[in-house]
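As given, the protein sequences belong to chains A and B, one line each in that order.
My numbering applies: residue 261 is where the first sequence begins, and numbers increase by one.
My numbering applies: residue 261 is where the second sequence begins, and numbers increase by one.
It is possible that some hints are incorrect.
The list cannot tell twin chains apart, which means a pair is met if one copy fits it or any two copies do.
[As the list claims (entries may be wrong)] No more than 20 angstroms apart at the CA atoms, straight line, and that leaves these computed lysine to any residue pairs for SDA-like:
| no. | residue 1 | residue 2 |
| --- | --- | --- |
| 1 | Lys512 | Glu442 |
| 2 | Lys430 | Leu287 |
| 3 | Lys330 | Asp444 |
| 4 | Lys472 | Arg501 |
| 5 | Lys512 | Arg529 |
| 6 | Lys512 | Thr311 |
| 7 | Lys584 | Ala307 |
Calculated from the structure, these hints are not laboratory results.
Number of protein chains: 2
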Amino acid sequence: MKIVLDAMGSENMPAADVTGAVEAARLYPNDEIILVGRQSLIEAELANHQTVGLNLTIVHADELIEMTDKPREVVRGKPNSSMHVGLNLVKEGKGDAFVSMGNTGCTLAVSMLATLRRIPGVKRPAIGAIFPLPARPILLDNGANADCQPDYLYQFGIMGSIYASCVTGKARPTVGLVSNGEEDGKGNDLVKEAGKLLSASSLNFVGNIEPKDFMSGEIDVAIADGFVGNIMLKTAEATARTLTGLIRSEIKTGMLSSIGGMLARPALRRVGAMLDPDEVGGAPLLGVNGVVIIGHGSSGSKAVRNAIGQAREAVEFGVVDAIKQGIESG
Amino acid sequence: MKIVLDAMGSENMPAADVTGAVEAARLYPNDEIILVGRQSLIEAELANHQTVGLNLTIVHADELIEMTDKPREVVRGKPNSSMHVGLNLVKEGKGDAFVSMGNTGCTLAVSMLATLRRIPGVKRPAIGAIFPLPARPILLDNGANADCQPDYLYQFGIMGSIYASCVTGKARPTVGLVSNGEEDGKGNDLVKEAGKLLSASSLNFVGNIEPKDFMSGEIDVAIADGFVGNIMLKTAEATARTLTGLIRSEIKTGMLSSIGGMLARPALRRVGAMLDPDEVGGAPLLGVNGVVIIGHGSSGSKAVRNAIGQAREAVEFGVVDAIKQGIESG
Chain A
261 MKIVLDAMGS
271 ENMPAADVTG
281 AVEAARLYPN
291 DEIILVGRQS
301 LIEAELANHQ
311 TVGLNLTIVH
321 ADELIEMTDK
331 PREVVRGKPN
341 SSMHVGLNLV
351 KEGKGDAFVS
361 MGNTGCTLAV
371 SMLATLRRIP
381 GVKRPAIGAI
391 FPLPARPILL
401 DNGANADCQP
411 DYLYQFGIMG
421 SIYASCVTGK
431 ARPTVGLVSN
441 GEEDGKGNDL
451 VKEAGKLLSA
461 SSLNFVGNIE
471 PKDFMSGEID
481 VAIADGFVGN
491 IMLKTAEATA
501 RTLTGLIRSE
511 IKTGMLSSIG
521 GMLARPALRR
531 VGAMLDPDEV
541 GGAPLLGVNG
551 VVIIGHGSSG
561 SKAVRNAIGQ
571 AREAVEFGVV
581 DAIKQGIESG
Chain B
261 MKIVLDAMGS
271 ENMPAADVTG
281 AVEAARLYPN
291 DEIILVGRQS
301 LIEAELANHQ
311 TVGLNLTIVH
321 ADELIEMTDK
331 PREVVRGKPN
341 SSMHVGLNLV
351 KEGKGDAFVS
361 MGNTGCTLAV
371 SMLATLRRIP
381 GVKRPAIGAI
391 FPLPARPILL
401 DNGANADCQP
411 DYLYQFGIMG
421 SIYASCVTGK
431 ARPTVGLVSN
441 GEEDGKGNDL
451 VKEAGKLLSA
461 SSLNFVGNIE
471 PKDFMSGEID
481 VAIADGFVGN
491 IMLKTAEATA
501 RTLTGLIRSE
511 IKTGMLSSIG
521 GMLARPALRR
531 VGAMLDPDEV
541 GGAPLLGVNG
551 VVIIGHGSSG
561 SKAVRNAIGQ
571 AREAVEFGVV
581 DAIKQGIESG
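Turn these sequences into a full structure, and let the hints guide you.
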């Protein structure tokens, strides 16, 4: 298998990206990792690592896409970017998957408009957020489509269910529609219409769900428009940060509780590790004609390595072909 | 001041409701608390308390609204419910505010369609959720309007800003529009249009905000449609519950960390108390022609007592008149 990595993706590029690639190359010795970006920068970083015997190759790409770049502008404006070059390798069959910690909007735009394009029949590709919870539930769309039609949400159900099968191994993952109440008839107009389409599908659709059903791990796939999905993810992140911050500062206010906090630290660390988004790696871009995983710009090498692992899984499972079939027959 | 309490509201009615009223009557000896509901039930519960000298009165109402009742059906179908009778007392000037722990949809419907009606010019009343965070930020709408137009969101800004002034004492609270990114141009179509209206207003509008800005206490008022607002609130609740559950179970797995957890317990309890929704009391229904506070069905007496306190504050501040003026001049 050949995994193409955007070596210019993360905020700490190329250090985090290249280090993650080296770690992945050690983990998966039978696979090739193709580093795409400025050759001199990549080589300088590789020189910091022990790479003898590792299956790492470099493909030069001259242009860099920055976090501040606008998706519309880079699609035609930076045709030699590491994203264009890397995604074209996948399009041409010279790579099996593309992984980037770079600008999400630009990865999406370059994938859809300039390189891989959509899987036939897919109305709108979606970004799937895998929550770093023990059950690894997936929420989509996480921001690719702020305004949706009911049939987009229906297709998110098909694509999310297939990806959840890949991650969890379940043949028929449970799919729920995020709503402001579980009862039938709850929801905004979009959700009510999408619910009808999903109910009539062959998916393992459980109807309306609330955030608690998703967070508890009961539901494998949560469907929402990209605006709502993005706000759910960010609310969960902000709540976790606020709560841990309050706990930390209150524990520090007394001597006994400080000692207690020290004794409990390994347990708190385990919780932190469980919920560490870097353990997941990145977010799959579903509906484009190739495997694409997009990570946070702030990713360290662990997230890069895990995103490469995710990409491998999606290739092995045949996510793209499964979505092709799912959309055709759906 | 006369506060009207739906004594038939909570799941543990009338015990929680009446006990909360007794506690409030002790706290606010100059005010009258009017308990509305089945006289025999209320009297039986009052007999469990020391009420000599407390300013508690009973107004009989024969019908009960259940949590499973449908708003549309009760508006005309249960005209002698404790909600109808209580809200009519406020409408007729025999009470200054109405408080209920009952069915939210029914309280909303009976307020809007059968009793208080809307403040002139208000397109859609909204439910404001006050987050139990130190800064007491308010998010609206929290579920009254699943589908919104830009001008509804604009009015939510006016009403939310006034209510935040009442709660925080700030003359010009900061108002933000919940979006999937802070940059201008982020948002779904609704948010983009509402942002234009809010930007042109005299509110202290800061533009698009993300959940973290709201949770951190930087923003006093967060505006969203009722679908998104409800999901934000429920995601925050679900995340807090998931995280505290994980911490609790991990702490219990080892002896040292268990001891640590015991030592840190007072600190963890303080965090729990800070984030206790019962400390807030309930959610204001903004835009109807009277002060209405709606609490959780699962409320205990503390939430009831605090909801009565909230209602008093809103009456003292003159929230309804301020909204009348704000909507007229907005």
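**Request:** Check Lys330 against Asp444 for me: Cα-Cα at most 20 angstroms, and say if that holds within a copy, between copies, both or neither.
**Result:** between (40 angstroms within a copy, 13 angstroms between copies)
**Prompt:** How do Lys512 and Thr311 come out at 20 angstroms by Cα distance, when the copy is not named: within, between, both, or neither?
**Reply:** For Lys512 and Thr311, neither the intra-copy (44 angstroms) nor the inter-copy (43 angstroms) Cα distance is at most 20 angstroms.
**Request:** Since the copies are identical, ignore which copy is meant and state whether Lys430 and Leu287 lie within 20 angstroms (CA to CA) inside a copy, between copies, both or neither.
**Result:** Neither, since 25 angstroms and 57 angstroms both go past 20 angstroms.
**Asked** Is it within, between, both, or neither for Lys472 and Arg501, if the alpha carbons may be no more than 20 angstroms apart?
**Response** Both, since 18 angstroms and 9 angstroms are each at most 20 angstroms.
**Request:** Can you give me the call for Lys584 and Ala307, within, between, both or neither, at a CA distance of at most 20 angstroms?
**Result:** The answer is neither: 41 angstroms in one copy and 69 angstroms across copies each exceed 20 angstroms.
**Homomeric proximity label, Lys512 with Arg529: Cα distance no greater than 20 angstroms** = both (16 angstroms within a copy, 14 angstroms between copies)
**Request:** Could you place Lys512 and Glu442 in one of the four classes (within, between, both, neither) given a Cα distance threshold of 20 angstroms?
**Result:** neither (40 angstroms within a copy, 33 angstroms between copies)
The structure is inconsistent with the numbered hints 1, 2, 6 and 7, although it conforms to all the rest.
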